[in-house]
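> As a plain string of letters, each chain reads:
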Amino acid sequence: MTDSTSSGSTVLVLVETTDEGIVEVSQETLTFARDLGDVRAVVIGSAAPVVSKQLGDLGVSEVRLVEGPGFEAYAAAAWAGAVVAAQQDGQVRAVVAAGTPRGNEVLAHVAVRLGVAMAANVVEIGSTDPLTVSRQVLGGAAMEELRLTDEVAVLSVAGHACEPRLVEPPTTPAVETLTVEVPEADLRARVVRTEPGEPDESGGLKTARVVVGAGRGAGSADGFKDLLELTELLDGALGVSRVVTSLGWRPHHEQVGQTGSRVSPDLYVACGISGAIQHWAGMSSSKTIVAINSDPDAPMVTKAHYAVIGDLHEIVPAITEELRRRRSA
Amino acid sequence: MTNPSTGSGRRVLVCIKRVPDLGGEISLTADGMSVDDSSLGHTVSPHEECAVELAISVAKDTGGEATVLTLGTSDATEQLRNALALGCTGAVLVEADPGAYGPADVASAIAEVVRDHEAAGTTYDLVLVGNDASDTGDFQVGVRLAYLLDRPVVAGVSMLSVEGGSPDTVTASGLGPDGGTEVFEVPLPAVLTVMEGGIEPRYPSIPGRMKAKKIQVEERTPVAEPAGSGRLRLRLPEAAPSQVTVLGEGPEAAAAVVDLFEELGVLR
Numbered sequence: 014m015t016d017s018t019s020s021g022s023t024v025l026v027l028v029e030t031t032d033e034g035i036v037e038v039s040q041e042t043l044t045f046a047r048d049l050g051d052v053r054a055v056v057i058g059s060a061a062p063v064v065s066k067q068l069g070d071l072g073v074s075e076v077r078l079v080e081g082p083g084f085e086a087y088a089a090a091a092w093a094g095a096v097v098a099a100q101q102d103g104q105v106r107a108v109v110a111a112g113t114p115r116g117n118e119v120l121a122h123v124a125v126r127l128g129v130a131m132a133a134n135v136v137e138i139g140s141t142d143p144l145t146v147s148r149q150v151l152g153g154a155a156m157e158e159l160r161l162t163d164e165v166a167v168l169s170v171a172g173h174a175c176e177p178r179l180v181e182p183p184t185t186p187a188v189e190t191l192t193v194e195v196p197e198a199d200l201r202a203r204v205v206r207t208e209p210g211e212p213d214e215s216g217g218l219k220t221a222r223v224v225v226g227a228g229r230g231a232g233s234a235d236g237f238k239d240l241l242e243l244t245e246l247l248d249g250a251l252g253v254s255r256v257v258t259s260l261g262w263r264p265h266h267e268q269v270g271q272t273g274s275r276v277s278p279d280l281y282v283a284c285g286i287s288g289a290i291q292h293w294a295g296m297s298s299s300k301t302i303v304a305i306n307s308d309p310d311a312p313m314v315t316k317a318h319y320a321v322i323g324d325l326h327e328i329v330p331a332i333t334e335e336l337r338r339r340r341s342a
Numbered sequence: 033m034t035n036p037s038t039g040s041g042r043r044v045l046v047c048i049k050r051v052p053d054l055g056g057e058i059s060l061t062a063d064g065m066s067v068d069d070s071s072l073g074h075t076v077s078p079h080e081e082c083a084v085e086l087a088i089s090v091a092k093d094t095g096g097e098a099t100v101l102t103l104g105t106s107d108a109t110e111q112l113r114n115a116l117a118l119g120c121t122g123a124v125l126v127e128a129d130p131g132a133y134g135p136a137d138v139a140s141a142i143a144e145v146v147r148d149h150e151a152a153g154t155t156y157d158l159v160l161v162g163n164d165a166s167d168t169g170d171f172q173v174g175v176r177l178a179y180l181l182d183r184p185v186v187a188g189v190s191m192l193s194v195e196g197g198s199p200d201t202v203t204a205s206g207l208g209p210d211g212g213t214e215v216f217e218v219p220l221p222a223v224l225t226v227m228e229g230g231i232e233p234r235y236p237s238i239p240g241r242m243k244a245k246k247i248q249v250e251e252r253t254p255v256a257e258p259a260g261s262g263r264l265r266l267r268l269p270e271a272a273p274s275q276v277t278v279l280g281e282g283p284e285a286a287a288a289v290v291d292l293f294e295e296l297g298v299l300r
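Residue numbers (my numbering), protein chains in the order written: chain A, 14 to 342; chain B, 33 to 300.
Among these hints, one or two may not hold up.
Unchecked claim - Far from chain B, some chain A residues (derived; all Cβ distances over 12 angstroms):
hint, residue
1, Ala-60
2, Gln-104
3, Thr-190
4, Gly-232
Stated by the list, open to error - Okay, the calculated beta carbon distance ranges per label pair:
hint, chain 1, residue 1, chain 2, residue 2, range
5, B, Thr-253, A, Asp-142, 53 to 59 angstroms
6, B, Gly-212, A, Ser-297, 27 to 33 angstroms
7, B, Gln-275, A, Asp-32, 38 to 44 angstroms
8, B, Asp-68, A, Gly-21, 40 to 46 angstroms
9, A, His-318, B, Leu-72, 38 to 44 angstroms
10, A, Arg-340, B, Asp-107, 56 to 62 angstroms
11, B, Ser-198, A, Pro-209, 22 to 28 angstroms
12, B, Gly-153, A, Lys-219, 38 to 44 angstroms
13, A, Ser-297, B, Gly-240, 42 to 48 angstroms
14, A, Pro-209, B, Asp-291, 42 to 48 angstroms
15, B, Glu-110, A, Gly-21, 36 to 42 angstroms
16, B, Pro-269, A, Lys-300, 33 to 39 angstroms
17, B, Glu-281, A, Lys-219, 39 to 45 angstroms
What the hints contain is simulated information worked out from the structure, not anything from laboratory work.
Using N, Cα and C, we set each Cβ at its ideal position, and we do this for glycine too.
Make the full structure from the sequences, and use the hints.
Take a look at the structure:
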């Protein structure tokens, strides 16, 4: 892929931020969007000072900073109204966001408001005229090539479809503050309160030399004892697949994959993980991958460097026992 | 506001989709436009299993009713019957080739049913759909439907409750971007898209299955011609030849695994 910033058209990117700056998937999305034209970023609510520097590092030409009393609590319809407002001047040919739950939700509203199609979880631009894209379907087991014929394309970019790439030299984006009035109807479904999740300890996961991964094969919330023991013996971190957090077996900050952390440890021990693209995208750059799985045909097994076939609940305790035995010998 | 058709009981419409139950390898049809499901079983996605569960719970808790809907071929009656066996009391089959329908077409077809039922005296307080279909993964049918019906919508809900809040609202919650829980109080009628994880779907009972057989499925054909999804073709990721070294089977392989760990220098 090459960066084309002289095509004369603009691509609007909804950027998700936290107090620490732009979230990683939005950084990837900003990088991806450069292939579609000059990037205009839309940031909703207050942005940390670090955000404007990051936007320049990622080659953004202009920024719309959306403010207004309607943006204190998240409401997808209000956000969509803001994105549409930020889209209205200039030659915006595409509206793009990261393929996060929030990105996809807001874009669905945007697509309806613009009366156009929306393509979720795009991984590749096929051609720009006419615009064709490849997107993940079947949970990442297949790609769909899709034609987007509307005047404005609305698409979300799948997590880890590309690496964030900085531009050299950084740009100095023109920042325009946009005060958007939110109609009452757009606040009918808004967050009335939030309840904190588990403390975020994913920093350890991202830097660990060894990650023990666990998937549906763990069986239940009670199925992690042996895995945690192995993690501790290897001085590593536990990483889990999406289904494990979806089922509430482990906290979200332990999730590895497209909608979780991306890790590249020296050793990844994938226990009871089938190896769906969702997960693979977050750990495929691990130096050595060892799969423990009862299904010898599971994608994780065929893609791994090493594999042990069988029940993780028998194999993992045997490994921890062997580790202890050698350690005490 | 109480539902004119059921008093204080809530009427819920839950929308599901028959999809192939993908285990290992998948293959495509000769034209590359769809998954060859001729040798596969069929199911509904985990999101939709949870949506059915939530629909039935809300109906039971309030003395209301849950109706299940699908757009698909007559084969999808299997999935409707399963939902009836779990506790839904009505079922609608919008008979059509789902492959010809894009997400906007599906939303229109569902909206048509909601409007027709409303005209016949049945108002749905809640319409539940899955967060995204496990085959097409479009992430937009629920939102499009909400706009067609002029109802509020929340995506990615994993829990909901009709008690405790005002009688005209539903309390819905789901995972927020920072891993916390976001709580919404949504005025009824509303559309919610359901994400798996908040609730354990129930299993069908034998009496439930018997009862389900006797329920008449409303069969309809959609009025509007579908515009389609813009799909050009499906493509399977290139399968790299496997380079895996199998260290062994079962717990006996433990020594070989630890040998490897030592070789890699990852042990303290």
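> Per the hint of 27 to 33 angstroms, is the separation of the Cβ atoms of Gly-212/B and Ser-297/A within bounds?
holds (29 angstroms)
> Over 12 angstroms from every CB of chain B: does Gln-104/A meet that, or does the non-interface label fail?
holds (22 angstroms)
> Does the beta carbon distance between Ser-198/B and Pro-209/A stay inside 22 to 28 angstroms, or does it fall outside?
holds (25 angstroms)
> Is the gap between the beta carbons of Glu-281/B and Lys-219/A within 39 to 45 angstroms?
Cβ of Glu-281/B to Cβ of Lys-219/A: about 33 angstroms, so the range 39 to 45 angstroms is violated.
> Do the beta carbons of Arg-340/A and Asp-107/B sit within 56 to 62 angstroms of each other?
Between Arg-340/A and Asp-107/B, where Cβ atoms are some 57 angstroms apart, the hint holds.
> Would the non-interface assignment of Ala-60/A survive a Cβ cutoff of 12 angstroms against chain B?
holds (15 angstroms)
> Range first: 33 to 39 angstroms. Now tell me if the beta carbons of Pro-269/B and Lys-300/A are that far apart.
This hint is violated: roughly 22 angstroms between Cβ atoms.
> A range of 42 to 48 angstroms was offered for this pair. Does it hold for the Cβ distance of Ser-297/A and Gly-240/B?
holds (43 angstroms)
> Do Glu-110/B and Gly-21/A keep their Cβ atoms within the hinted range of 36 to 42 angstroms?
violated (53 angstroms)
> Should the hint that His-318/A and Leu-72/B are 38 to 44 angstroms apart at their CB atoms be regarded as holding?
violated (30 angstroms)
> Given the hint of 40 to 46 angstroms, check if Asp-68/B and Gly-21/A actually sit that far apart at their C-beta atoms.
holds (44 angstroms)
> Evaluate the given range 53 to 59 angstroms for the C-beta pair formed by Thr-253/B and Asp-142/A.
About 38 angstroms separates the Cβ atoms of Thr-253/B and Asp-142/A, which means 53 to 59 angstroms is violated.
Of the hints listed earlier, those the structure fails to meet are numbers 5, 9, 12, 15, 16 and 17, in rising order.
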